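Enquirer: This is what each chain is made of:
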Amino acid sequence: MILHQVEALAAAGVTDIVLAVNYRPDVMVAHLKKYEEQYNVKITFSVENEPLGTAGPLKLAEEILGKDDKPFFVLNSDVVCDYPFQQLADFHKTHGDEGTIVVTKVEEPSKYGVVVHQPGHPTRIDRFVEKPVEFVGNRINAGIYILNPSILNRIELRPTSIEQETFPSMTRDGQLHSFDLEGFWMDVGQPKDFLSGTCLFLSSLTKKGSKLLTPATQPFVHGGNVMIDASAKIGNNCRIGPNVTIGPNVVIGDGVRIQRSVVLEGSRIKDHAWVKSTIVGWHGTVGKWARLENVTVMGDDVTIADEVYVNGGSILPHKTIKANIDVPAIIM
Amino acid sequence: MSTKALILVGGSQRGTRFRPLSLDQPKPLFDVAGHPIIWHCLTALTKIDVKEVFLIGYYDESIFRDFIRDSSKEFPQFTIKYLREYEPLGTAGGLYHFRDVILKGSPKRFFVLNADVCCSFPLKEMLQIADDREAEAVILGTRVSNEAASNFGCIVSDQTTKRVIHYVEKPESHISNLINCGVYLFGSSIIFKIRKAMEIKADRRSSDPLYDPSEEDGSDNVLRLEQDILGPLAEEKSFYVYETRDFWRQIKTAGSAVPANALYLQKAHQSGAEDLAAASTTIIPPVYIHPTAIVDPTAKLGPNVSIGPRAHIGAGARVKDSIVLEDAEIKHDACVLYSIVGWNARIGAWARVEGTPISVNQHSTTVLKNGVKVQSVTILAKDCVVHDEIRVQNCVCLPYKELKKDVVNEVIM
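These protein sequences, in sequence, are chains L and C.
Basically the working numbering = 1-based index in the first sequence + 686.
Basically the working numbering = 1-based index in the second sequence + 615.
The set of hints was computed from the structure by calculation and includes no laboratory data.
One thing to keep in mind: the hints can contain errors.
[To be verified] Quick list of in silico lysine-lysine cross-link-like pairs, BS3-like style, CA-CA up to 27 Å:
hint : chain 1 : residue 1 : chain 2 : residue 2
1    : C       : Lys739    : C       : Lys719
2    : C       : Lys1020   : L       : Lys962
3    : L       : Lys956    : C       : Lys1020
4    : C       : Lys696    : C       : Lys739
5    : L       : Lys1008   : C       : Lys984
6    : L       : Lys720    : L       : Lys753
7    : C       : Lys988    : L       : Lys1008
8    : L       : Lys1005   : C       : Lys984
9    : C       : Lys1020   : L       : Lys878
10   : C       : Lys719    : C       : Lys662
11   : C       : Lys946    : L       : Lys962
[Claimed, not checked] Here are a few chain C residues that sit away from chain L, every Cβ distance over 12 Å (derived from the structure):
hint : residue
12   : Pro703
13   : Ser803
14   : Lys808
It should be emphasised that the depicted structure is a prediction, and the values quoted were computed from it without experimental measurement.
The beta carbon of each residue, even a glycine, is placed where N, CA and C say it ideally should be.
So that you can see chain L by itself, here it is in the shape it has in the complex:
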């Protein structure tokens, strides 16, 4: 997921990327370092020893972000969309103020923080209204910003929120603008949303005619939006799709049906299994004639025995499931 962001940032001419992380950095370091060369960017890890909220990490990385007066992008890693970095940078330069946040239009703004513009101005933000009870607009913060290094002066090095402290201080000074996002947007912090976000992302690739997608001429591709790593092996008489990603070194048996799912690296799905709305974790195994559905999430190295049914199971790493999970449950 983060790779899509790295790729899009590099394409927009970004040379330095700071990852603000607070857990398992060694896993991510190993994962991302190899992409530095591929995309010709420098990736720095900024590790928080205590959670610093959404603004604190920027202050922590002041040395890199403030090394010149060029603006920097800020992204929430949970957000999936058609990243419009180049247009965003161009727009930001045009208005000349300190910051621009990407906004997306939603149907039900009452669940979000809504952006309200200054009267008579199309982009300058006047204020934010959290969970508005009456309609004040339907543009919400999409979690992607471009900011000038000067805003670092507005942040102290302590746990602090960019949405609740930094942005209001910028709007008071008329320094914050909005930029409308075209296309899909999804916060994929939850597994359910992650699956929806994957669907949206794959649909957008299909629209663009992306070469990353597995061509529909493959006999097993069903309904399109299927992305299969070249190193994955697919058995005979499978039906895969729509909306499926299959990672590196995955082995899919014969007569397997997969739809609306993400199958991660090194996992194995045995013959005749049926998989829908499921995240098959790294190095997982799904048994013959097993059936997984309803946002089932397999952690690292989980095994589902032959013929077992799992309905919405969140299964923690290294577990083996030998009996049906009939109703959604967390398996510790």
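Start from chain L and add chain C according to the hints.
Expert: For chain C alone, coordinates are given in the frame of chain L:
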């Protein structure tokens, strides 16, 4: 010395618990382990010296015509006749009604088998105990769990002599965990005992001021072996029990056909029956496949699976602990577990039809799910259709239904 045998087959007004399968076929003719339930009774009777077999029930005569014709060829050692009761007389009432046929030729004794039990029918052993003890009646008994016992007729017997000293049908409290298997060997004198019981019952009615005829569930002739005969019989001194340690199951509900199928298949497998499918990477014994069924070589079957005539099992399908009836079709990559797939039913590709496993020794076919009692076995009646990729779990589906959405814990009308 030859004996006669009576098989009590009941009637269509009974056996309602076997619905929805009994809506399309009388329960005694339902196939388990590739053969009708009463075929297994007949097979047991070939092991002893029996010359005449009577089916007693109140189904229309035409129902058993084909079965009797075919079985007469298959079992030339005895004659098979159907005796029809024109009104339900009760198990004992029926015997009395046909007393002339039973007593013809003055047989010393005769067997009475309930058609709805599945067991090894140790008839030889029952004859042995009758000879040894000069018993007037021998009942087949089996031990069940204390919890299950009160759903059956309970027998109290003398530990050493095996004489029955007390018998109560479905007691409210715990009496014994030795229960009535529904298989009896009676001396001919039982007919007179039945007449005596009828007289006593009629007497009691006429003298009982509390007797209310509207509370009776049939005519005055209704007299049941279990309630009306066995209790008094225990008062006398020549009623014995043969306790079997082999398998025993009642076939009451439609779901109970699945464990019965499993037990008969295991018995056939262990005795080296030749009509079972040979073990292989895709066949886990015991599995019965009718010679006219078409099973793809990549489909995996067993254990405890019966596939009926002209049934079709597609590539990569999985069938386990299930009965697939005539002309049914299971498409590729579908999975069928602990279920009955009715006549001409269709199961789509990647569909999953599933019941809940219950132990063979558990004398119940329901399970509790989220506090609700549901059928443990999923049953698709005649001509049901399950669409591709649909999941059906713990459901009973009446004939001709089409399932397009996932269903769980439902009776689909």
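Enquirer: The structure should be examined with respect to each hint, and the outcome stated for every one.
Expert: Consistency of the hints with the structure:
{"no.": "1", "hint": "C:Lys739 - C:Lys719", "in the structure": "holds, 23 Å"}
{"no.": "2", "hint": "C:Lys1020 - L:Lys962", "in the structure": "holds, 15 Å"}
{"no.": "3", "hint": "L:Lys956 - C:Lys1020", "in the structure": "holds, 25 Å"}
{"no.": "4", "hint": "C:Lys696 - C:Lys739", "in the structure": "holds, 23 Å"}
{"no.": "5", "hint": "L:Lys1008 - C:Lys984", "in the structure": "holds, 19 Å"}
{"no.": "6", "hint": "L:Lys720 - L:Lys753", "in the structure": "holds, 25 Å"}
{"no.": "7", "hint": "C:Lys988 - L:Lys1008", "in the structure": "holds, 24 Å"}
{"no.": "8", "hint": "L:Lys1005 - C:Lys984", "in the structure": "holds, 24 Å"}
{"no.": "9", "hint": "C:Lys1020 - L:Lys878", "in the structure": "holds, 21 Å"}
{"no.": "10", "hint": "C:Lys719 - C:Lys662", "in the structure": "holds, 23 Å"}
{"no.": "11", "hint": "C:Lys946 - L:Lys962", "in the structure": "holds, 19 Å"}
{"no.": "12", "hint": "Pro703", "in the structure": "holds, 41 Å"}
{"no.": "13", "hint": "Ser803", "in the structure": "holds, 54 Å"}
{"no.": "14", "hint": "Lys808", "in the structure": "holds, 52 Å"}
Hint check: no violations occur; every hint is consistent with the structure.
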